[in-house]
Structure formats: structure tokens, C-alpha cells
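Student: Residue numbers (numbering that gives the first Met the number 0), protein chains in the order written: chain U, 0 to 462; chain H, 0 to 279.
Since the hints were made in silico from the structure, they are not lab data.
Any given hint could turn out to be false.
Restricting the straight-line Cα-Cα distance to at most 25 Å, the calculated cross-link-like pairs of lysine to any residue (SDA-like) are [stated by the list, open to error]:
#: 1; chain 1: H; residue 1: 233; chain 2: U; residue 2: 402
#: 2; chain 1: H; residue 1: 14; chain 2: H; residue 2: 53
#: 3; chain 1: H; residue 1: 205; chain 2: H; residue 2: 264
#: 4; chain 1: U; residue 1: 277; chain 2: H; residue 2: 262
#: 5; chain 1: U; residue 1: 304; chain 2: H; residue 2: 261
#: 6; chain 1: U; residue 1: 265; chain 2: H; residue 2: 73
#: 7; chain 1: U; residue 1: 205; chain 2: U; residue 2: 81
#: 8; chain 1: U; residue 1: 265; chain 2: H; residue 2: 262
#: 9; chain 1: H; residue 1: 53; chain 2: U; residue 2: 224
#: 10; chain 1: U; residue 1: 304; chain 2: H; residue 2: 262
#: 11; chain 1: H; residue 1: 160; chain 2: H; residue 2: 140
#: 12; chain 1: U; residue 1: 265; chain 2: H; residue 2: 213
#: 13; chain 1: U; residue 1: 39; chain 2: U; residue 2: 139
#: 14; chain 1: H; residue 1: 264; chain 2: H; residue 2: 201
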Amino acid sequence: MPKADFNRHGMPSQDAIARGKNFEEVALGYDEETAIEEAKRCLQCKNKPCMAGCPVNVQIPEFIEALRNGDFAASARIMKGTNNLPAICGRVCPQETQCEAVCVYAKRGAPVAVGRLERWIADWELSHGVELPSMSELSGKKVAIVGSGPAGITAAADLARFGHEVTVFEALHRPGGVLQYGIPPFRLPRSISSAEFANIERLGVKIQTDWVVGKTITVDELFADGFNAVFLGTGAGLPQFVGVPGENLAGVYSANEFLTRVNLMKAYAFPEYDTPVKVGERVAVVGAGNVAMDSARCALRLGAKDVSIVYRRSRTEMPARVEESEHAEEEGIHFRLLTAPLEMMGNEKGAVNAMRCQEMELGEPDASGRRRPIPKKGSEFTLEVDTVIVAIGTSPNPLVPRTTPGLDVSRHGTVVVDPETMATSKKGVWAGGDLVTGAATVIEAMGAGKKAAASMNVYLRGE
Amino acid sequence: MYKILATDVLTANSKLFVVEAPHVARKALPGQFVVVVINETGERIPLTIADQDKEAGTITIIVQQIGKTSFQMSTLEAGDTLAVVAGPMGIPSHIQNYGVVAALGGGFGMAAMYPIARALKQAGNKIIGIIGARNESLLIWEDRLREISDEFFVTTDDGSKGRKGFVTQVLQEKLEAKEQLDMVFGVGPVPMMRAMTRTTLPYGTKTIVSLNPVMIDATGLCGVCRVTVGGETKFACVDGPDFDAHQVDWDQLVARQALFVPEEKLALARFEEQRAQAKA
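This is chain U alone, in the form it adopts within the complex (with noise of 0.2 Å):
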């Protein structure tokens, strides 16, 4: 057994200040022989409690321990066994809430660098040369993935290697889903995902782009079209608002706008690319998410001098990521937090110019758990903006279940599924990702997409 070590191998970054200027990536990644160091620390335990924390069950002291002993194929071999898409997991897991959580170093703050090494692993099969991996028999039975995002691109890729004849229907005219449209290149570089698209069509999986499901074809044309079985995985891509005055302003943005400009359109690139983005001097961020992070370093990037988090409670109940949060605070994003917006203003040609924000103060918790941010009494304020991005969250897209009968919708508009096998209520129809449990992580929908792909096998061989 090695020695203990508390030295975890910090990630080499852009400087805050060259990067708050470009879209390049801003984690640089470890170089191979901090790589070796950092799975050099791995106590190797026999119960692997990193493996329960992971969505995918990636077998990571194995994984590690292949990389430490420098057969890096047999390491790559390992972490695909089970995991697709490995070089987009190690960049944008939450590890430190899944494998890393619960690594023994995680208690003296140390735990294993496990994503990092995910990342360094992958990076150096996609330049290596990716092995296919073993397939199954052709069964001849035919699947439908609805949407490419990370349930649904997971799910294609396990129902191929099972031998199925899989084709992926996106809306959109590039494949990924919110990989595509959401995650910005400076946290996802596209050269790294559309290589990991690529390996997945390489294992004979079609994807579909332009067909919206719901419009195009419906869920029950697909099956009278010879599918055998589909998988829904259209995610949560309706933006919600905050629902005050003024948020059909010009200059208010969906964060899935602002992020659709920039990311899936290259607005940042305009005029190279047809699709402009408009940012102030002053931007304000709605919401602390992920997503509003992403947004606020957008904006930054696309030249806005003010950025500024605007979030009802605190730091504590921010819904970030602590390293996205971090990221963001260094390149110099203010974060207004206990401030909830009132209203948005506008100037004379109803483009927005203000927004009006009242101070809060924490309660006790509320459903969520979270303390009830409560209004302080005579503490509004008006904040000058001359571009407001809302970004609270999103819902299911309704497209695909209002036009399929016979599938089974929560209040919520989240499709309903048996969580062991993520079937709905509809023969012949499995769901998985934000689709069914509102908006969360890119490991647990692909952890998702994985489960139902193992049990649509079983009805796929079984029919």
C-alpha cells in the first residue's frame, strides 16, 4: 500500500486575465508526468467507493491504476469499457459532489484528481488513435435516440455495441444538445466533443440531423416507419423567466439564447458567422447556475466591462459548481448575491436599460432545503444594465410529449418512467436525462441513457 499522500496535483490554467479575452480552454490539462504522479496517490481500496459515486460505474481504481503503470491503451480500454464520452466527462463532471466525494483523501480535502486523470486518459486516446471497442452479434432489430444530448448519445452508442442498427434524430443542425448549444468551447472545446461524436458514429450509429421529433415525425411514425424501439432524450431545453415586468424587453436574453448565439452559432465569431450577439457595457446575470456562470463568461469574453451574478440567496445556496463559480469570480465577474430582480426597464425604444432589484435576507429552509431568501423591507435598488441574461433554469421541451398518446407526463412536464429501467408508460419507449428529472448533469443523463439501453437490449433480444 502506498504512503498517504495529501498532495493532489492542482490543473494548470489559462491566466484570468489573457483568458477573460478569448474562447480558448481555460483548464489546460495535466501533462503525463503529473498525470503519473497524481494516480500514483490512489490507495487502490477494495471496496472502491469512488465507483458507487459514479453515475456510469466507470471502474476508476482500475483505470488508474493502468495509467500509473504507463499502459495508457489498457487504461483508455478500461474507462470506455463503460464510459462513451470520457474526454467531455473529465471536463465537465461535478466530481467533487460524485467520484471524488467520497475518495478517503476527500475528508483532509485531497481526494484523488480522479476527473482530471479522466481527462488526461481520454485526451490521450483520441490523440493516439481510439480502439473500437468489442460489439455484440447484429440483432436486426432498428432503435430510434431522440435528441443527441448526453442521455441520448450514450443510450446510441451502448444500443450499437449491443448490435443494434441505431439512428439519432437531433433538431438541431449539429449533434450534442446541450453540449452543443450550452457548454461554452473555453470549458468544452468543440475539436474534443465532435471527436468523441465521431468515435460514436464509428460504432455504426447514424445521427439525424434536422428531424425534429414531434414535427418532422412523430414518436408513433417512427414505429410504423420499422423502428423497434426509441428512446427519448430530448432533455429540458424550454427556458423558463423570473415572470416579473419587462422581461419581453429588447436586450433580455434566455441564457439558452445568449449561450445558442454564442455557442451553437459562433456568434463570438460575427461577422465571420452570420449569427450577431449584442452585450453592453453593463450585463447582469439572473441566477447562479452553471449555466448563468457560463453566461457571465460569455458575456465577458464578448467584451462587457460590468458582469455581475444576480442571485437571490448566498453564496452557500449558489447552485454552481464551486470550481465554475471560482473560475468566474477570477476573471472578474461581481457576484450580487441576496438581490432578486423586480423589474426590467426599459428606454424609449423598448430596449432594456435598468433593472430593478430588491435586497434579501435568509430564512428558514424551504422544500428545496434551501433557507427561503425573504425580501428586506425598503431595500430596493436600481441597477443600470444594458443587457440582462435570465438564466433560472428550463424545462422539458413539450414537442415530442404532446405529440405522443399514451405517454405519461408529471405536473412538472417531465416524461414518467420506472426508475430501474427508465421505461414510460408507452410499449416500446424508454426516457432518460433532464427530460425525466428536470434539469441536472451531463453524468447523470448519460447514466440514464446508459440504464435504458441495457434494458432496451433486454426487450430488443427478448422480442
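With chain U held as given, fit chain H onto it using these hints.
Tutor: Below, chain H alone, put in the same frame as chain U:
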């Protein structure tokens, strides 16, 4: 990639394209639209499906040259391709036998108005067709609307064809004369649709307009197309594009449309400069 099979220059500033898009053609209904991206660096723009041929797997779309994308698209010919054609998007127009229906098409709005009017005619309505444009040369599909109209009027702002004036003046006269008019549909520039609202509101005649705000994904994801209708926020892409004109907050629509005008001008100027250089 989606192949352009045929084109037709309709007016000095509009062009028709027949595009291979069987996935859209087999489902498209009047009032729906597609999202088009012309190339790798292009923006997503909504264009009305002016016609479709299910057997041939084609749709007809018309673009009016307003901004960079529509000018660039107008340089394309049969044999060229579009990078993206996605749809059909939006809720189809509500077609039933209302009785007597006025169908107003303003300029390029005829591309959207014609398929709706044709479906209304097929549903048994008596059609009062009213087509207008700034001048005669900008009228689109006059013959097509005439063919399905029981009564037919042409107006031009400058009087170069038909009556001098606006489409709404014909509507106004019909209403003043208390002629039977059960429903009004109209598609055209915002000022025209807004004028329709002012014209029919005092008479309480139900008026449906097809809105064309800025869109990106057009699947309900981004919300850029939000409009206030009857005090509620609606997404034109998935809740529309047809709305009750009397309920639309027109000031807000105009303000939201104006946000990117400077960027649109910049993109167009840059495109024209590049074209001029390429020619030189």
C-alpha cells in the same frame, strides 16, 4: 445538404426556390415554416413553406432580399445546396369553413398567405383576396391569389397597379359597408398587420396574422421569438406563428425586431463589399 432543384426570380427583390426536402414535404401544412441555413457559417432563418409536393419530396420557399443571408441565398441557383432545411415548424393555420374570409397578402407576405388562402378555399370559404405591394413590380403571386378568390383586389402604394393605397383600405370599405366578413387572415410587413388590427378591431372581426419575429432554433429552445399576446408571453416558433392580431403587443414586437438592426446592416455592407471585390 439539401439540393435546390429550381429557382425563379419573382421580383427585383424576391426569389423562389424549389428544394429537395422530403422529410418536410411529407408533413408540411399551410402556415408552417422551415429553418434554413445556407452554409457552414450561416445563421438559422425561418422561411414560410409556400408550397410542397409530397410525391416529389420538394418544398417551395421564397426569400425577399432584406439582409445578408437573403441576399446571399438569392445568388444560389438550381444545383446549389442549402446546408440545413429543418421542419416543418410551427402550428399549422387553423383551417375550417368560417364563411366569408378576407385573405390579405402584403408584398413578400404572399408567400405565407397563399397556401393558407388556398386551404381556406378548399374548406369551402368564400375568399376575398386582397394583394398589395409598394408598386406593381413587387407584387408576388397575384395570379395565384386571383385564381382562388371569389372577389379580388389589388392595391399599390403608388397606384402603378390596381387601386392606389393600402390593402387595409379595401378591408375598411368592406367593413363600413357591413358586407359579410366572418374572418380575416393577413400576412405582410408588421406595419401592414398592425394596420389590419386597427381596421378590424372596432368591428370585432376576428383577425389572424402570421408573425415572423427573429428565430434561432425555432423549436422552443431559445425564446428569442417571444411575443406578448393577450398579456401572456408566447413563443412564435412553437405557439404560433399565427396569432389573434387584436391581442398582439405590436410595440414590443417592433422593439424586439430592432435589436440587431445595426449588426444586420454591418453584415450586409460587408457582404456587398466582398461581392464587389470578387467581381473586380
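Student: Does the alpha-carbon distance linking residue 39/U and residue 139/U stay inside the 25 Å limit?
Tutor: violated, 45 Å
Student: Next pair to validate is residue 304/U with residue 262/H; report whether the Cα-Cα distance is within 25 Å.
Tutor: holds, 20 Å
Student: So if I understand the rule, the pair passes when the alpha-carbon distance is 25 Å or less; does residue 14/H with residue 53/H pass?
Tutor: Roughly 22 Å between the alpha carbons, so the hint for residue 14/H and residue 53/H holds.
Student: Are the Cα positions of residue 53/H and residue 224/U separated by 25 Å at most?
Tutor: Holds. Residue 53/H to residue 224/U sits at ~17 Å (cutoff 25 Å).
Student: Can you confirm whether the C-alpha distance between residue 264/H and residue 201/H stays at or below 25 Å?
Tutor: This hinted pair is violated, its Cα atoms lying about 38 Å apart.
Student: Check the hint pairing residue 265/U with residue 262/H against an upper bound of 25 Å on the C-alpha distance.
Tutor: holds, 15 Å
Student: Residue 277/U and residue 262/H: Cα distance at most 25 Å?
Tutor: Holds, because 9 Å separates the two Cα atoms, which is no more than 25 Å.
Student: Take the C-alpha atoms of residue 205/U and residue 81/U, compute the straight-line distance between them, and say whether it is at most 25 Å.
Tutor: holds, 21 Å
Student: Taken at face value, is the distance from the CA of residue 213/H to the CA of residue 265/U at most 25 Å?
Tutor: Given that 25 Å is the threshold and the Cα spacing comes to 17 Å, the pair holds.
Student: Run the distance test for residue 265/U versus residue 73/H: straight-line Cα separation, threshold 25 Å.
Tutor: holds, 23 Å
Student: When you check the alpha-carbon spacing of residue 233/H and residue 402/U, does it fall within 25 Å?
Tutor: holds, 19 Å
Student: Does residue 261/H lie within 25 Å of residue 304/U when you go C-alpha to C-alpha?
Tutor: At roughly 20 Å apart (the allowed maximum being 25 Å), residue 261/H and residue 304/U satisfy the hint.
In this structure, the earlier hints numbered 3, 13, 14 are contradicted, and the remaining ones agree with it.
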